[in-house]
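If you want the building blocks of each chain, they are given just below.
2 protein chains.
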Amino acid sequence: MTTSATLPAALVQGREVAEAALRAAVGRLDEGNRLVAFYHFGWSDAQGRPAAASSGKALRPILALLSARAARVPQDVGLPGAVSVELVHNFALVHDDLMDGDRERRHRATAWTVFGPARAILAGDAMLALAHQVLLEVPGPMGAAAARLLADTSQLLIRGQAEDLSFESRSEVSVDECLAMASGKTSALLACAAAVGAQLAGSEQIAVGLHQYGWHLGLAFQLVDDLLGIWGDPAETGKPVLSDLRKRKKSLPVTAALASGGPAAEELAEWLGRPARTDPDDEAELRRIAALVETAGGRSWAHAEAERRSILATEALDGLNLPADVSADLQAVARFVTRRRD
Amino acid sequence: MTTSATLPAALVQGREVAEAALRAAVGRLDEGNRLVAFYHFGWSDAQGRPAAASSGKALRPILALLSARAARVPQDVGLPGAVSVELVHNFALVHDDLMDGDRERRHRATAWTVFGPARAILAGDAMLALAHQVLLEVPGPMGAAAARLLADTSQLLIRGQAEDLSFESRSEVSVDECLAMASGKTSALLACAAAVGAQLAGSEQIAVGLHQYGWHLGLAFQLVDDLLGIWGDPAETGKPVLSDLRKRKKSLPVTAALASGGPAAEELAEWLGRPARTDPDDEAELRRIAALVETAGGRSWAHAEAERRSILATEALDGLNLPADVSADLQAVARFVTRRRD
Numbered sequence: 554m555t556t557s558a559t560l561p562a563a564l565v566q567g568r569e570v571a572e573a574a575l576r577a578a579v580g581r582l583d584e585g586n587r588l589v590a591f592y593h594f595g596w597s598d599a600q601g602r603p604a605a606a607s608s609g610k611a612l613r614p615i616l617a618l619l620s621a622r623a624a625r626v627p628q629d630v631g632l633p634g635a636v637s638v639e640l641v642h643n644f645a646l647v648h649d650d651l652m653d654g655d656r657e658r659r660h661r662a663t664a665w666t667v668f669g670p671a672r673a674i675l676a677g678d679a680m681l682a683l684a685h686q687v688l689l690e691v692p693g694p695m696g697a698a699a700a701r702l703l704a705d706t707s708q709l710l711i712r713g714q715a716e717d718l719s720f721e722s723r724s725e726v727s728v729d730e731c732l733a734m735a736s737g738k739t740s741a742l743l744a745c746a747a748a749v750g751a752q753l754a755g756s757e758q759i760a761v762g763l764h765q766y767g768w769h770l771g772l773a774f775q776l777v778d779d780l781l782g783i784w785g786d787p788a789e790t791g792k793p794v795l796s797d798l799r800k801r802k803k804s805l806p807v808t809a810a811l812a813s814g815g816p817a818a819e820e821l822a823e824w825l826g827r828p829a830r831t832d833p834d835d836e837a838e839l840r841r842i843a844a845l846v847e848t849a850g851g852r853s854w855a856h857a858e859a860e861r862r863s864i865l866a867t868e869a870l871d872g873l874n875l876p877a878d879v880s881a882d883l884q885a886v887a888r889f890v891t892r893r894r895d
Numbered sequence: 554m555t556t557s558a559t560l561p562a563a564l565v566q567g568r569e570v571a572e573a574a575l576r577a578a579v580g581r582l583d584e585g586n587r588l589v590a591f592y593h594f595g596w597s598d599a600q601g602r603p604a605a606a607s608s609g610k611a612l613r614p615i616l617a618l619l620s621a622r623a624a625r626v627p628q629d630v631g632l633p634g635a636v637s638v639e640l641v642h643n644f645a646l647v648h649d650d651l652m653d654g655d656r657e658r659r660h661r662a663t664a665w666t667v668f669g670p671a672r673a674i675l676a677g678d679a680m681l682a683l684a685h686q687v688l689l690e691v692p693g694p695m696g697a698a699a700a701r702l703l704a705d706t707s708q709l710l711i712r713g714q715a716e717d718l719s720f721e722s723r724s725e726v727s728v729d730e731c732l733a734m735a736s737g738k739t740s741a742l743l744a745c746a747a748a749v750g751a752q753l754a755g756s757e758q759i760a761v762g763l764h765q766y767g768w769h770l771g772l773a774f775q776l777v778d779d780l781l782g783i784w785g786d787p788a789e790t791g792k793p794v795l796s797d798l799r800k801r802k803k804s805l806p807v808t809a810a811l812a813s814g815g816p817a818a819e820e821l822a823e824w825l826g827r828p829a830r831t832d833p834d835d836e837a838e839l840r841r842i843a844a845l846v847e848t849a850g851g852r853s854w855a856h857a858e859a860e861r862r863s864i865l866a867t868e869a870l871d872g873l874n875l876p877a878d879v880s881a882d883l884q885a886v887a888r889f890v891t892r893r894r895d
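Protein chains in written order, with this note's numbering: chain S, 554 to 895; chain R, 554 to 895.
Please note: incorrect hints may appear among the correct ones.
The list treats identical chains as interchangeable, and a pair is accepted whether it falls inside one copy or across any two copies.
To be verified - Below, simulated SDA-like cross-link-like pairs (lysine to any residue); rule was C-alpha separation at most 25 angstroms, straight line:
| hint | residue 1 | residue 2 |
| --- | --- | --- |
| 1 | K802 | E584 |
| 2 | K802 | G595 |
| 3 | K610 | V626 |
| 4 | K610 | A599 |
| 5 | K800 | P561 |
| 6 | K802 | D871 |
| 7 | K802 | D598 |
| 8 | K792 | A604 |
| 9 | K792 | A671 |
| 10 | K792 | E819 |
| 11 | K802 | A562 |
Just so you know, the hints here were simulated from the structure itself, not pulled from any lab data.
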């Protein structure tokens, strides 16, 4: 996280290809759900007028296209996979924002605050169903295998969110439980994204290796996300300052700090056990808590673990005999994930 | 609706087979979502203790098993289809109850009132994803074709609910628009249920014919449902008396009454345009409105249209050369749907 990394030009080009296909797919939804989805993706304002907000990093579509190239087929073979994983990702964002009561994402009001809970629920549902439609339209056994991967992945994602919700009402959460939750919420879909293109190309062996790569990458991603949720710059993250602490979220750095024992861990545990203040502006207090997490070793552990997972991700590529440019691009993605600041 | 009909014994036996398979499938969900789903299906109370509440008519699983028999394969071939359509149906119920603010279903508190909105959203998501998993586990092209049908159907269901939500904020809704909405919300899934067994058996032609049967049956079903929503006995429907009028729902009998012109239609339109009373106990007023719908012809039209759709459903079976017992059972289902009182 000391220096930010940028993505290679080929991947940025892939992102544009995937976004056009995604937009065409979302355009198939009924009028009501289309409006909510277009707003959520940043393609329109709440009245449906064109807008040009950032629609995110598109890491998952980029991986899906790379995945096809890894199996030595044109990246377009991975396109239905790219569209599907991004739809599942955004289904989860729309529903999670509502469940978590988050009012802002990517510097904009979240869908449920603009259209109300009912329409946000429904638009999320529509995106999940559309994701399956898109893959099942790919003829032959490859489309079915990719759809099977997507359905299993969606279930893991939902399980991860269920665990996350359950953590809120629990006083103690272990690092292992938190890692299991993060595997479901983040790793499963990044692994699916990394594997789906190869799956659509019919390369089972490459798909398995890339799934492993994506799994480790997902944990690195979540660790960085959790670090940014405490120490990130709101101007870059699009989230309120110290947002995860404000929500008393049992994130990975926090659970690692709690597990360290020692006086800082005890003070942190004591603070987490107290009811949240309603006063929204206790920034000084939150900064003190962030310092406790750091003193208890939560920050350095998360950094080191993110780095370790990033290395495991690239090691999973060994022996797959990938084209050199694809291998380089996959490593660039791993660097981008661990060094991103937004 | 003058006399209630019961289902043939073979179908009741099929319902038990399907329920056991459904329960096994739902048992695969993570602990948190499993509890919400088990409660929703009436298999457990809110604490997870076994319960024996009615889990509904199971019309869709029954149709899915019949559909396999129609294609002259054992009904168990249709079992993954039976489980999947019932999962999609219940995904929609759990989400719709929350979106519509309904607090009671089948004489019990709805899932969102017991577990909160977040967990109800997530359990619905889990059921939708599980429905696709179950069908995609069926090997070969038949599983994929059935999953494609299910994904397309889910999207139609979601579209129907989106239209239903949009009707709430509109002052005028035509009978055609209301029929299109009902086709999405009800016909699409009954058609899928009727076709999915034959699809799993690989009988495309039978699947197409049964899809047509299910589509008409679905409209008959919705018309009867709408009649029960106004004139049904709460002891049998499990919903509050005059519930649809209480919610000022633009149901099929109401839109037909509005379209008839005449003084009763005008009075009805005037009432619908007034803001809803907050006083919950204006039953006399609601009875007067129900009488207006009847005077304007909404009730008799809905009865006649349900009957006509039921006949169209059974006519769709002509030329399919179905086994005699299957044909008789499908006709019994059509009678059951139009004559049911709960």
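A quick look at each hint next to the structure:
Only between protomers do K802 and E584 lie at most 25 angstroms apart by alpha-carbon distance; the minimum there is 21 angstroms, versus 36 angstroms within a single protomer. For the identical chains of this complex, K802 and G595 are neighbours neither inside a copy (27 angstroms) nor across copies (33 angstroms), given an alpha-carbon limit of 25 angstroms. Proximity of K610 and V626 under a CA criterion of 25 angstroms is satisfied intra-copy only: 24 angstroms inside one chain copy versus 49 angstroms between copies. For the identical chains of this complex, K610 and A599 are intra-copy neighbours only, at 22 angstroms inside a copy versus 41 angstroms across copies, given an alpha-carbon limit of 25 angstroms.
For the homomeric pair K800 and P561, neither the shortest alpha-carbon distance inside one copy (35 angstroms) nor that between copies (56 angstroms) is at most 25 angstroms. Within a single copy, K802 and D871 get their C-alpha atoms no closer than 36 angstroms, and across copies no closer than 61 angstroms, so neither meets the 25 angstroms cut-off. For the identical chains of this complex, K802 and D598 are neighbours neither inside a copy (31 angstroms) nor across copies (30 angstroms), given an alpha-carbon limit of 25 angstroms. Taking the shortest alpha-carbon separations for K792 and A604, only the intra-copy value of 21 angstroms comes in at or below 25 angstroms, while the best inter-copy value is 44 angstroms.
With identical chains, the CA atoms of K792 and A671 are at most 25 angstroms apart both within one copy (24 angstroms) and between copies (21 angstroms). Within a single copy, K792 and E819 get their C-alpha atoms no closer than 28 angstroms, and across copies no closer than 52 angstroms, so neither meets the 25 angstroms cut-off. Proximity of K802 and A562 under a CA criterion of 25 angstroms is satisfied in neither setting, with 36 angstroms inside one chain copy and 54 angstroms between copies.
Going through the hint list in order, the structure does not satisfy hints 2, 5, 6, 7, 10, 11.
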